[in-house]
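Enquirer: Each chain, letter by letter, is given below.
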Amino acid sequence: MSAQKDCEFLVKRARELVSDDPCAAKAWLITARTLYPTDFNIQYEMYIIERNAERTASAGRLLYDMFINFPDQPIVWREISVITAALRSDSQDKHAQFLRALFETLPGRVQCEMLLKATEQCFNTLEKAEMLLLLLKRFPESVVQHGVNLGETLLEAEVSENVESPVNCFRKLFVCDVLPLVINNMDMRLPASLMQKYILKAAEFYIGYVTRGPSSDAQLQASQDGATLKSPGVSRGSQRFVIDGLSEKSSVVAEPWERLLDIVTVVGARCEWQGDKGQRSYIDMLQRVKELCRYLPGLEGETRLRYCSQVVICAALVLFRSAFLYVSAVQPSLFQGVGAMTSGPWILVEDLSSVYSDVEGDRATLKHAHKKRKLADGREKTMSSDDEEGLGKGRGRHILVNKTEMPNWSETLESFRTARESWDLLHSHDGLEAEFKKICAAWKTESWLWFRIFLSDMIIHQGHYRKAVSSLHQMASVQQPQPAQQSPTGQASLEHHRALIQQASCHYALGEYRMACEKLLDVVSGLVPPNQELTKAPEDLSRIKSKTRKGNDLRLLPCTRGAVLPFCLQLMLACFKLRAFTDSRDDLSLGHVVVLLQHDWPQGEMLFLKAVDKICQQGSFQYENFFNYVTNIDMLEEFAYLRTPEGGRIQLELLPNQGMLIKNPSPALGVELNTLLLQGVQTMDRHHTVTRGITKGVKEDFRLAMERQVSRCGENLLSVLHRFCINEKIIIIQSLP
Amino acid sequence: MGDIRQSLLPRDVLSAAKELLYHLDIYICNMVQSGRQPPQVDSKTLDLIEEFILHTPKDRNAPRMSALQELQLLEIMCSCFQEQSRDTVRQLMFSALFNLQGNQADESRMALLSKLVSMAVAVGRVPILECAATWLQRTHRVYCVRLAQVLVDDYCSMVPGSGPTLHNIHSASPRFCCQFITAVTTLYDLTSDELTPPMELLQMIVSWIQDDPRLVLITFLNSPLSGSQPISSLDVTPLGGLIRWCIKAPLAYRRDKKQTNNGSSDGEPDAARLFSALHLSVLQVFMLLPNILNEKGLFGRLALLQMESVAALASDLSRLLDQADKHTHAATSDTHAASQLALDRLAQALQVAMASGALLCSRGTRWSLGNLLQLVLSGPVMYYNNIHTPPLTYSPHAAHSPIPTLPPHAPHTPLAAHPAPHAQYPAQPFMTGMPFPFRPGH
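For the record, the sequence lines run as chains A and B. Mapping of the first sequence onto the UniProt record's numbering: residues 1 to 737, in sequence order. Mapping of the second sequence onto the UniProt record's numbering: residues 1 to 442, in sequence order.
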């Protein structure tokens, strides 16, 4: 009888018994093992019995024996790979937990060997890395030998597997798992250049992770339940995010900015960065490198390079973080997981709250602010050399914001300020700038839409409007290919027009009123005409408060239909205001101003009276669109009065082609109003009737037109003004130089 | 110390005993302190103990203690041992009181000892159990078995439900527990119904060993290596007794069933399961041995299982198998299965015991049983010395001697070659035939 047969017999006997009398089965196997200690099947059978009964300790012991005695058995390796798979997975099922517990019973040395050998047998880079990572996490001493190699393998895999985004499975493992092990291992000597390379890899990953856009998946979800999505703080679909190759759970990175700060802290300590006492916060970090910067000019060679890289890395991280915080408040829909829809997008534009104030005041401010601007023929010259001035005037500029509409306004503005500060620091020395540009080039920051948004706003804030316009132009072209999502609110298209509004604002600031109007009329034509008067109470409040401020400030405008149309109207008014009130006569501009002043009436009452004065001085006024777009009863009354002898018999040509309007009395007007129109003969009260002087030989058609306008007083003013913008677009633009 | 007799005489029995214990304590303390060698109590003191504590009648009409007084005395002794903090003193005192002297006082000595130990079990007096463990190591096995019998009677037979109290001894005093197991496996050799362990006891022992297999080896691990064990004392481990239980159980309990008759005995499958578990535990204990023996440098030099007792077991089994065949004229499948199980267990135990160095014998030894046995005895011999160090080396003792006389006992084995019925087996070579002389005599 051969030994082989005997072994088979013994194993068979044990198998027969195992269900009825497991003890007897085990007794057979113990005996068999003493007879044939080198027979694998006997030991495997013993292991299987214990494993199937999920007895951790004894199964672990037997696995250990097999691992030591039969290191070449494929079955052992299959078993080990099942166990290591359970270790890598985050599955909570009972068997996976048993397998993990089984592994824990093994002596550390064996665990180490097992993982190493299992790693060797692994051909998939990711799996191999995960396996090795298990090893490194358990056995810190193995980090010295394998840590850097594993890191490099992962970074190489990114290249060899042609991964586009820095937020990929290899980088995630590298940054979140391998890197902390490597840099925290004090037994390793790491060259500073390597650590700098690693910190930049980490930063690129974390920034990419934080600023990742909503996945297409989430967008799909959003469009499906668009109704519920508006509920604040809830972002169901948008939370789901999976890094290709990883499970949903391991795709989550908690507190990315904090993790990045941790890495900076450790690397800083290891690189012996100056003045580094452990980074408490990003703000501390910025303060420290700002101080450091002062010594920079006095340094040379190696030291200077070291200082430079510290300053650039720290300042760049503060810049990107602050810029992200700012943009996530201003344009939250760009990012996944940022409280989307809790507050709409915001646009940084010129503050126009003083648009209704006196022209002279405006002019004075402008003169004061821009000394080089010349006023020729009362017409403001375009500012051609804004760049050299920009920096200086950008410093103290305020950004106004409606505090009730933007609850986190102070954080947002603080982030903006910090980001700008970091940016300025990075551009305060050639050396720093060059280093920073290298980082930007490596990360391809020019393709980051969110960062472009920040940069544009920053350039606007700096007052470099010319640059801002081209930056916005670029941005608009980046945004263009994105599918214009049509939602019932028109929100998406508004966001799409964000860049246009900013461009208009910039052109205005540059004095390029025609361009400004072109842009904003493009915006307005894309807006759905309002079907009712929009409420604007909060806006009024802030404007009144800030009325003392004169020009030159910026404002964060909520990107909503309720705010955009009024802003466009104000901007148009601002464009025409100076022109209308120059010494030379420009009736068309003056007419536009009158039409636009109706908005927010009686805010513009003072300006209106100024316009009336000008008309009186001129003795005549021609504006053929008057009856199409002026429905304000106070204005109508004033113009009716101007024609009277008391009003100065002003020659008004307000009808298209002098009377192509209404020739006949309107029966629709009713007896009551007709009486009202006629009774003014006797009364001198100019404030309560529109019809004075009409009986004194005034042309019938004017009277009729007036009558008709009075009946239109109830019309939705914004609809009227919207129609004005659409219908008169060409004439409006042409009337500007 | 003999001079205190006069002061003890006028006292009543209890206070005299108490006084004597008090003086004994002082006397032994002094003895230990003075470092006298050997630390032994003189014969006069022993006489005093016999007179005033054990109340062995001398010349005078010694008054016997009442039951109540006896209980009080036990209590006093309990606290006396409990309060003595020095192990040496305690142990000497216990020896002075209970070491058998080969005289007529021994009967009362055993009686008092049994009551004291039983009480110590009940109230968890660890020091007394420890002293008793030592006593069980040094005393002739006949008396050890008697002590065990009392405890089994007290805790497993007389008061139902008091088993758990006894169960706790394994945590209170593992040494005592180990000796107790050895004693009961010596006592119950499964030769008759009376000598079949009560179910409760069996369950207790199985659970003890399953919880901690090393329990069985405690005495062995704690005793010095020299042959300090008196020859007639209990085995140093209960392994031999446990093996006998497991091997004989299939046949003994079958017989049991036949007598009690009719399937009302639902204890039977239970017992089968318990013995199966026990057998496995015993094999597992064997597997612990190589390391322990190696550490002690005893591997291959000390036999924990005595050849003679194994041989006796083998012949016992042979006889039982004969009987089984004779009684059931046509061998039923049940008989076959039970016989096969017994043989399988014997073979397994022998193989594992040999491989683990617990049983020292050469392969040429002639046995007369079974198919696995054949494999065991003719197969590749290995001392299962260190399984974790490949490559495994075979023992140089390995001998492949043919065993011409061993037919298989069951037909299912592929090893079967000789269909001769076992009734024709030749006589056992090791017919020690020594009957157990220590049956509790009644």
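Hints in this document: simulated from the structure, not taken from any laboratory. Wrong hints could be hidden among the right ones.
To be verified - Some chain B residues near chain A, calculated using beta-carbon distances under 10 angstroms:
1) Arg146
2) Val150
3) Leu217
4) Leu278
5) Val282
6) Gln351
As the list claims (entries may be wrong) - Looking from chain B toward chain A, a few residues come up when the C-beta cut is under 8 angstroms (computed):
7) His23
8) Leu73
9) Ala277
10) Met287
11) Leu288
12) Pro290
13) Asn291
14) Ile292
15) Gln348
To be verified - Computed beta-carbon distance windows for the label pairs:
16) A:Leu190 <-> B:Asn294: 19 to 25 angstroms
17) A:Lys137 <-> B:Asn168: 56 to 62 angstroms
18) A:Lys117 <-> B:Ala303: 38 to 44 angstroms
19) A:Arg88 <-> B:Thr332: 52 to 58 angstroms
20) A:Glu161 <-> B:Leu221: 56 to 62 angstroms
21) A:Arg55 <-> B:Val142: 40 to 46 angstroms
Quick caveat, the model's predicted, so the values are computed rather than measured. We put the CB at the ideal spot given by N, CA and C, even for glycine.
Enquirer: For each hint, tell me whether it holds in the structure or not.
Expert: Going down the list of hints, with the structure as the test:
Contact between arginine 146 of chain B and chain A, as hinted, is not supported at the beta carbon level, the nearest pair being about 33 angstroms apart and thus beyond 10 angstroms. For valine 150 of chain B, the suggested interface contact is broken, since its CB lies about 32 angstroms from the closest CB of chain A, more than 10 angstroms. Taking 10 angstroms as the C-beta contact cut-off toward chain A, the hint placing leucine 217 of chain B at the interface is violated, the least distance being around 17 angstroms. Hint status for leucine 278 of chain B relative to chain A: holds, with the closest Cβ pair at about 8 angstroms, below 10 angstroms.
At about 9 angstroms, the closest approach between the beta carbon of valine 282 of chain B and any beta carbon in chain A falls short of 10 angstroms, and the interface hint on this residue holds. With its C-beta approaching chain A no nearer than about 5 angstroms, glutamine 351 of chain B sits inside the 10 angstroms limit, and its interface hint holds. Because the closest C-beta pair between histidine 23 of chain B and chain A is about 54 angstroms apart, greater than 8 angstroms, the hint is violated. At about 47 angstroms, the closest approach between the beta carbon of leucine 73 of chain B and any beta carbon in chain A exceeds 8 angstroms, and the interface hint on this residue is violated.
Satisfaction of the interface hint for alanine 277 of chain B is found here, the shortest Cβ-Cβ separation to chain A being roughly 5 angstroms, below the 8 angstroms cut-off. For methionine 287 of chain B, the shortest C-beta to C-beta distance to chain A is roughly 6 angstroms, which falls under 8 angstroms, so the interface hint holds. For leucine 288 of chain B, the interface hint is violated, the least distance from its beta-carbon to any beta-carbon of chain A being 12 angstroms, above 8 angstroms. Below 8 angstroms, beta-carbon pairs count as interface contacts, and proline 290 of chain B has none with chain A, the closest being about 10 angstroms; its hint is therefore violated.
Taking 8 angstroms as the C-beta cut-off, the interface hint given for asparagine 291 of chain B is violated, the closest approach to chain A being about 13 angstroms. With its C-beta approaching chain A no nearer than about 16 angstroms, isoleucine 292 of chain B sits outside the 8 angstroms limit, and its interface hint is violated. A least Cβ separation of about 4 angstroms between glutamine 348 of chain B and chain A falls short of the 8 angstroms threshold, and the interface hint therefore holds. Here the CB-CB span from leucine 190 of chain A to asparagine 294 of chain B is close to 47 angstroms, at odds with the stated 19 to 25 angstroms.
Look at lysine 137 of chain A against asparagine 168 of chain B: about 44 angstroms separates their beta carbons, and that is not inside 56 to 62 angstroms. The hint said 38 to 44 angstroms for the Cβ distance between lysine 117 of chain A and alanine 303 of chain B, and at roughly 42 angstroms that hint holds. The beta-carbon spacing between arginine 88 of chain A and threonine 332 of chain B, approximately 56 angstroms, falls within the hinted interval of 52 to 58 angstroms. Checked against the given bound of 56 to 62 angstroms, the beta carbons of glutamate 161 of chain A and leucine 221 of chain B, roughly 60 angstroms apart, stay inside it.
Between arginine 55 of chain A and valine 142 of chain B the CB atoms are about 42 angstroms apart, so this pair conforms to the stated range of 40 to 46 angstroms.
The structure fails to meet hints 1, 2, 3, 7, 8, 11, 12, 13, 14, 16, 17 from the earlier list, while all remaining hints are met.
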